[in-house]
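**Student:** Here is how the chains run, residue by residue.
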Amino acid sequence: MSMLSLKYVVPGDDFTRAGEASSDVKHKLKQLGYDSKAIRRVAIAMYEGEINMVIHAGGGEAFVEISPEEVEIQLVDHGPGIPDVEKAMQAGYSTAPDNVRSLGFGAGMGLPNIKKYTDELKIDTEVGKGTTLTMKVFAGH
Amino acid sequence: MTVKELAEKLGMTFLAGESGGDREIEGCYVGDLLSWVMARAESGDVWITVMGNVNAIAVASLTDSACIVLAESAGLDQDAKERADQQEIPVLATEKDSFATAVAVAGYLP
Ligand SMILES: Nc1ncnc2c1ncn2[C@@H]1O[C@H](COP(=O)(O)OP(=O)(O)OP(=O)(O)O)[C@@H](O)[C@H]1O
Ligand SMILES: [Mg+2]
Numbered sequence: 001m002s003m004l005s006l007k008y009v010v011p012g013d014d015f016t017r018a019g020e021a022s023s024d025v026k027h028k029l030k031q032l033g034y035d036s037k038a039i040r041r042v043a044i045a046m047y048e049g050e051i052n053m054v055i056h057a058g059g060g061e062a063f064v065e066i067s068p069e070e071v072e073i074q075l076v077d078h079g080p081g082i083p084d085v086e087k088a089m090q091a092g093y094s095t096a097p098d099n100v101r102s103l104g105f106g107a108g109m110g111l112p113n114i115k116k117y118t119d120e121l122k123i124d125t126e127v128g129k130g131t132t133l134t135m136k137v138f139a140g141h
Numbered sequence: 001m002t003v004k005e006l007a008e009k010l011g012m013t014f015l016a017g018e019s020g021g022d023r024e025i026e027g028c029y030v031g032d033l034l035s036w037v038m039a040r041a042e043s044g045d046v047w048i049t050v051m052g053n054v055n056a057i058a059v060a061s062l063t064d065s066a067c068i069v070l071a072e073s074a075g076l077d078q079d080a081k082e083r084a085d086q087q088e089i090p091v092l093a094t095e096k097d098s099f100a101t102a103v104a105v106a107g108y109l110p
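So the sequence lines, in the order shown, correspond to chains A and B.
The first sequence begins at 1 in the working numbering and counts up one residue at a time.
The second sequence begins at 1 in the working numbering and counts up one residue at a time.
By construction, these hints were calculated from the structure, which means they are not laboratory data.
We treat Cβ as the ideally placed atom computed from N, Cα and C, and that holds for glycine.
One or more hints might be untrue.
[Claimed, not checked] Covered stretches of chain A (chain B as the covering partner; in silico rule of three or more C-beta atoms under 8 Å from a C-beta of chain B): (1) 22-33; (2) 38-49; (3) 61-70; (4) 123-137.
Please work from the sequences and hints to get the whole structure.
**Tutor:** And the structure:
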């Protein structure tokens, strides 16, 4: 049973708007009285994913399903895909260009953060086609 | 101690988000790489950095930092200022470097 279904368009290459979707989800979860630790985990994981779509994939879409038990987030892009997911998951690995690094991105910590803050993470990616991240955060613990 | 009290003690000025100045400070984190900060900064932290862009404001909001301190007089972008005011996230300015600021903040932590 889903309490709330949300959909967002994440524009590419617009760093000033990047983060709007995750901060909106954060607000909605607060209104729903969600546990604050779970809210923090959802918001951080979704922000990292959102920023990745902006930096690496020219934008995409975010689908969020909120139920009392869990939050499921699906981030879908039609960017270049990730050739080596195992490598991309390593802390410190980054292909972020210099202009993006000067903004504070490119530590290669985004995907490791997502892994750390979510209870489930699935990455479906195909080079030349795009990437879909599916993540879940369970409400109680 | 609140953010406002800390600012007074250390002679730091508000660049934005003054309405969030009553927030209690609970810890401190220093860093400029945003996703690194996202992994480590905790709720109530004084976050010391030189990153004054909108993304830094988002990170402060997501990690629930008490405030941002821009060390070495690092600038705050105009759109970042607007976002910080909107979200009531205090942004303080100091001429000191990150190390000296952290040392000074340490004396006021609970
Ligand atoms: N949606 C995506 N599409 C294509 N490549 C991606 C995508 N997300 C991540 N990657 C690749 O995986 C690498 C690691 O991603 P990760 O988020 O961990 O680090 P980063 O974005 O480079 O830096 P940080 O997140 O620390 O600012 C990226 O540098 C990029 O090569
Ligand atoms: Mg990233």
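**Student:** Checking each numbered hint in turn, tell me which of them this model violates, lowest number first.
**Tutor:** Those not satisfied are hints 3, 4.
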